[in-house]
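Undergrad: Chain residues, written in single-letter form:
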Amino acid sequence: MNMERNQSLWGDAWQRLKKNRIAMACLSLVVLFTVLAVYGEVLYRYHDIKDTTPAYQNTDLDMAFKAPSSKHWMGTDGLGRDVMARLVQGVSIAYKVGIITSLIAIPIGVFFGCIAGYFGGKVDDFVVWLYSTFASMPGLLFILAIAMVVGKGLLGIYLGIGLTTWVGICRLMRGEVIKHKGQTYVLAAQALGLSSGRIIFRHILPNVMHVIIVTFTLRFPAAVGTEVFLSFLGIGVQDQPSWGLMINSARMRLWQGIWWEMTFVTLAVFLLVLAFNLLGDALRDALDPRLND
Amino acid sequence: MLKYILKRILQMLPTVVGVILLTFVLFNVVGGDLAAIAMGKKVSLQSMESFDEQRGLNKPLFFGTRAKSRAYEDQDFSEGAGRWRTWSNAVYSAESAAVMLQPKSAFSPIAFKLNPDNDFEWTISFRGAGTLAGRELASKDWKTEKIRFQGMEDGGFSTEKDTLEIRRLKLRRVVKNPFDSQLLYYVKQLMRGDLGTSESLHQPVSKLLADGILPSLSLTIPIFFIGVVVSISLSLVCAFFRDTFIDRFLVMFSVALMSINYLVYIVAGQYILAYKHGMFPVWGYESARYLALPVLIGVVSGLGSNIRFYRTVMLDEMYKDYVRTAFAKGVSKPRVLFVHVLKNAMIPIITNVVIAIPFLYTGSLLLESFFGIPGLGYLGINAILSSDIDVVRALVLIGALLFVVSNLLTDICYAVADPRVKLK
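Protein sequence lines, in the order shown, are assigned to chains A and B.
Residue numbering for the first sequence follows my numbering, starting at 1 and increasing by one per position.
Residue numbering for the second sequence follows my numbering, starting at 1001 and increasing by one per position.
Treat the hints with caution; some may be incorrect.
[Unchecked claim] What the simulated footprint calls covered on chain A by chain B, stretch by stretch (three residues with Cβ under 8 Å from a Cβ of chain B suffice, anywhere in the stretch; the number is not a length):
hint, stretch
1, 77-86
2, 206-215
[To be verified] Away from chain A, derived, C-beta distances all over 10 Å, residues of chain B:
hint, residue
3, P1014
4, R1083
5, S1108
6, S1181
7, S1387
[Claimed, not checked] With a straight-line cut-off of 20 Å between C-alpha atoms, the simulated PhoX-like cross-links for lysine-lysine are:
hint, chain 1, residue 1, chain 2, residue 2
8, B, K1068, B, K1176
9, B, K1146, B, K1170
10, B, K1041, A, K152
11, B, K1007, A, K122
12, A, K152, B, K1042
13, B, K1343, B, K1329
14, B, K1170, B, K1104
15, B, K1146, B, K1176
16, A, K122, A, K181
Read the hints as simulated data drawn from the structure, not as lab findings.
Even glycine gets a Cβ: it sits at the ideal position worked out from N, Cα and C.
With the rest of the complex left out, here is chain A (with noise of 0.2 Å):
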């Protein structure tokens, strides 16, 4: 019975999203983007193991600087290097950085909230003392607190995001777990003397998953959007093509008249964020019953 009301919820939104249009259209922007991710990655790899320069990385001094035409769809910058082979490597990153981070603080947000919603009491205080401290700290500032201290390069962008971005989804499981544990299914499953453990993991969690899932959707382009920052400042990214270092080097040349750098960087910055944003409220009217009239 749990099986078929599940495959009813998500099979009811799957229809409720193919009418929606605007989501649609997000949706294929989001696939398109994440073909072009794991391009960018197979490339990388592939240039790493064979210890060659990729495309991207090809300079050609000669060609600096060239307006889009037919052979630079893009253009090129300041060492003549393709400014769209460029713009797909800086997917694969901002991919990386989304789903990493994601990684991180999915599991601990889900795990503190659960238990906390699920037991109360003790753990429960502590988990929000913990999450109450966390969400004291100045945001961007304790990022960069972060990532100065673990070091340059992509780990502190992880470690930095992914440590700073759980109180989140902890609050919401939390709310969530509490609303669960008082109904029938948990106290049926209480009663047949199921470990605390496999009553949060196996039977609350697969019904609280859509919380998950909608939350992933909207903090994927917030992490993006912080990596591209950190990128810019230096902090992050060093020898790889990211948006943030694409930015930060298109920017002083902006004021030379070379302009396509900067705008397809951003377009696609703005492309991406905005794709992952609607979708997600999308996804979020889909999947969350209470809103539907």
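Fit chain B to the given chain A structure using the hints.
TA: Showing chain B alone in chain A's frame:
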């Protein structure tokens, strides 16, 4: 009421402790070698030691009777000779993972003059015969000994006719009071109101903060108030035209505004409005005119999420019974919205507004550094880039404490506005 306020203050204390602990853990425990982060690895050991001394970093972390000293860094001889390679009297043998001191030699592995007021302790695993810190060592088989000496004594080696083989060597400073730790030092420092000294600017951090607060506030307060007024007005427009083209357009517009990266607002604003069209000065902090563009950018960049938030608040209220009653008895739509709904939506609005106050103080990191406004954001970015630990830590800590305090203020405002809150 007083009882409620006292209760809330008491509940606030654990968070304050948590914030202090968290900054301590981040910088002292996770950070590890702060001197290396702040000054790089190319400075002398002695200046690193004085950096540590000044900040209490040469003490044990939480509790302990022994502390490391930079005068001699622990080396694992099974991985190589390390710094011993440079000392001509010592011969390294990878086979026995040990160094051998030649007969009739004398030298000291201690890098600089030790603090004469402290006691130190060598822990040595050795074979052969020789003298260390004035104490005779002699043993045929491998043996470990602890040798205690005072900082003013010579702590070096000397050998007579025999060789001395060393497998392990550790130098520790003896801590007189085991509770005299980094944590205690940090807490005491905060109690005194001392936020440390900036390594790169050579000024007390509290002075830097005091200098930066005004420029920051002159930027963030206008952004804040203009932002609140504009976004509440637009959200009321949304609620008024609910489910029409105007509402949907505003929602899409705010999502689009949210999706534009903050950097883009700044770069584009500075380039197009200030440089191309010359409507504003490009850079500097001289008169109010210089603030106009950063304020405009700040307002626009925050508009998207604010409109969405306030719109949700307004629409939540729209479904309440009192609104239906008001409509039923024939009150006009504008009057319901601007008088009834707005008044009742005040509580979530106040929360959102008060919670944003601590962020006013850090200013806007990027706006300030792009437009050359010498505020705390500018200070913060520079401190991050030059790894100025004390400044970063003070900014993080004060930001967090302000947040905790404004949380408290919000709750008290709540209780004043709505007496039911106290009962929860």
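Undergrad: Given the hint that K1007/B pairs with K122/A, does the C-alpha gap stay at or below 20 Å?
TA: The hint holds at about 18 Å.
Undergrad: Below or equal to 20 Å on CA atoms is what counts here, so check K1343/B against K1329/B.
TA: 19 Å, holds
Undergrad: Are the Cα atoms of K152/A and K1042/B separated by 20 Å or less?
TA: Given that 20 Å is the threshold and the Cα spacing comes to 18 Å, the pair holds.
Undergrad: Does S1181/B really sit off the interface, with its C-beta more than 10 Å from all C-beta atoms of chain A?
TA: Label holds. Min Cβ-Cβ 20 Å, cutoff 10 Å.
Undergrad: If you draw a straight line from the CA of K122/A to the CA of K181/A, is it 20 Å or shorter?
TA: Since the Cα atoms of K122/A and K181/A sit roughly 17 Å apart, the hinted pair holds (cutoff 20 Å).
Undergrad: Taken at face value, is the distance from the CA of K1170/B to the CA of K1146/B at most 20 Å?
TA: Answer holds: K1146/B to K1170/B is near 9 Å, not above 20 Å.
Undergrad: Taking only the CA atoms, is the gap from K1146/B to K1176/B under or equal to 20 Å?
TA: 17 Å, holds
Undergrad: Is K1068/B close enough to K1176/B, meaning Cα to Cα at most 20 Å?
TA: 14 Å, holds
Undergrad: Minimum Cβ separation between P1014/B and chain A greater than 10 Å?
TA: 5 Å, violated
Undergrad: Keeping to a limit of 20 Å between CA atoms, is the pair of K1041/B and K152/A held or broken?
TA: This hinted pair holds, its Cα atoms lying about 15 Å apart.
Undergrad: If you draw a straight line from the CA of K1170/B to the CA of K1104/B, is it 20 Å or shorter?
TA: 23 Å, violated
Undergrad: Would you say S1387/B is clear of chain A, with no C-beta pair closer than or equal to 10 Å?
TA: Check fails; 6 Å does not lie beyond 10 Å.
The earlier numbered hints that this structure contradicts are 1, 2, 3, 7, 14.
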